[in-house]
Structure formats: C-alpha cells, structure tokens
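Q: Sequence:
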Amino acid sequence: LFRSILANRKKTWRFNQSVLFLEFLMGKRHYACTPWGMPTYNIFGWQKPCYLLQDGYADSFRELIETTEWQNYGTESGNPRCANCMVHSGYEASAVNETFGSFRGFVDTVKATLFNRYDDPGATRLLDEMSSPEHPGPLVQIETGSLQETRV
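If you read the sequence shown in this note's numbering, its first letter stands for residue 319, the second for the next number, and so on.
Certain hints may be false.
What the hints assert, rightly or not - Within a straight-line C-alpha distance of at most 25 angstroms, the following computed DSS-like cross-link-like pairs (lysine-lysine) qualify: (1) LYS329 <-> LYS429; (2) LYS346 <-> LYS429; (3) LYS346 <-> LYS329.
Just so you know, the hints here were simulated from the structure itself, not pulled from any lab data.
Whenever a hint applies, use it, and build me the whole structure from the sequences.
A: The structure is reproduced here in structure tokens:
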C-alpha cells in the first residue's frame with residue numbers, strides 16, 4: 319500500500335518524516351524496530367515500550383529504559399502484536415540513525431531528498447487495481463428489526 323501511494327508522488331507533496339523512513343515504508347529498505355528511539359511521555363508517565371501496545375507506564379525515564387524488556391518488541395522479536403508493524407515510533411529512529419550513523423547513510427539521505435521521485439509503473443497499476451471494485455453492483459443495505467431498549 320505505501321509503495322503504491324508514495325511512488326510516483328507529486329513534487330508538491332511534503333512529508334514530515336525522514337526520507338529513508340519513507341523508503342522503508344515503500345519496501346526499499348529494511349530496518350529493525352528501535353522503540354527506545356522515540357519514547358512517549360504523557361500525564362500517566364513514560365509509555366512502555368510503544369504507545370500502540372499499551373503495556374503500561376514507568377514513573378521515570380531511567381525506569382523505562384532499565385525495566386522494559388526491549389528484546390520482546392519489534393518484528394524480529396516474534397511478538398505477534400508487532401508482526402506487521404511499520405509505525406514511525408519504532409522505525410523512524412532506525413532510519414535517522416542510518417542517516418547520521420554512516421557516510422553512506424548520509425549520502426543516501428541527500429540523494430533521496432534531492433531526487434524524491436520514485437517512478438514506478440508497477441505501483442501505479444497496483445493502486446489502480448486497489449481502487450477498482452471487486453464486486454461491481456449496487457450496495458445492499460441490511461435492515462434490522464426494531465431495537466428494544468433494555469435497562470439494568
């Protein structure tokens with residue numbers, strides 16, 4: 319889906335994500351989840367480990383870092399809740415780390431920033447296929463009987 323949407327995009331489209339993360343979403347890069355790279359803090363405390371999973375809170379940043387079993391999260395962990403995850407809070411930090419962690423990553427980021435048109439006819443066809451209805455014809459409305467109010 320991301321490949322279909324992000325390939326062949328207009329020059330006027332602006333995204334607030336790192337360019338290597340967008341390439342990850344398109345399937346052009348592989349990253350491991352780094353949920354500690356973008357910790358979330360709110361009125362309840364520090365979210366463990368990712369705000370999508372709701373595994374509780376830590377009272378301090380130190381507690382978050384030291385008590386969270388980080389190896390149990392990410393697609394590589396085998397955790398079924400993480401199986402198909404590509405969310406920014408786990409993977410954008412990995413992309414940014416690649417940008418600033420090596421000269422190659424920096425060069426890739428510059429190239430992706432300057433030449434961000436990803437001409438991909440296959441992605442266009444895929445998007446066209448997804449937008450055409452599988453079952454042409456009118457929608458059917460299913461009527462329900464009158465609902466009876468119940469009180470406890």
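Q: State for each hint whether it applies.
A: Now for the hints, and whether the structure bears them out:
no., hint, result
1, LYS329 <-> LYS429, "15 angstroms, holds"
2, LYS346 <-> LYS429, "14 angstroms, holds"
3, LYS346 <-> LYS329, "19 angstroms, holds"
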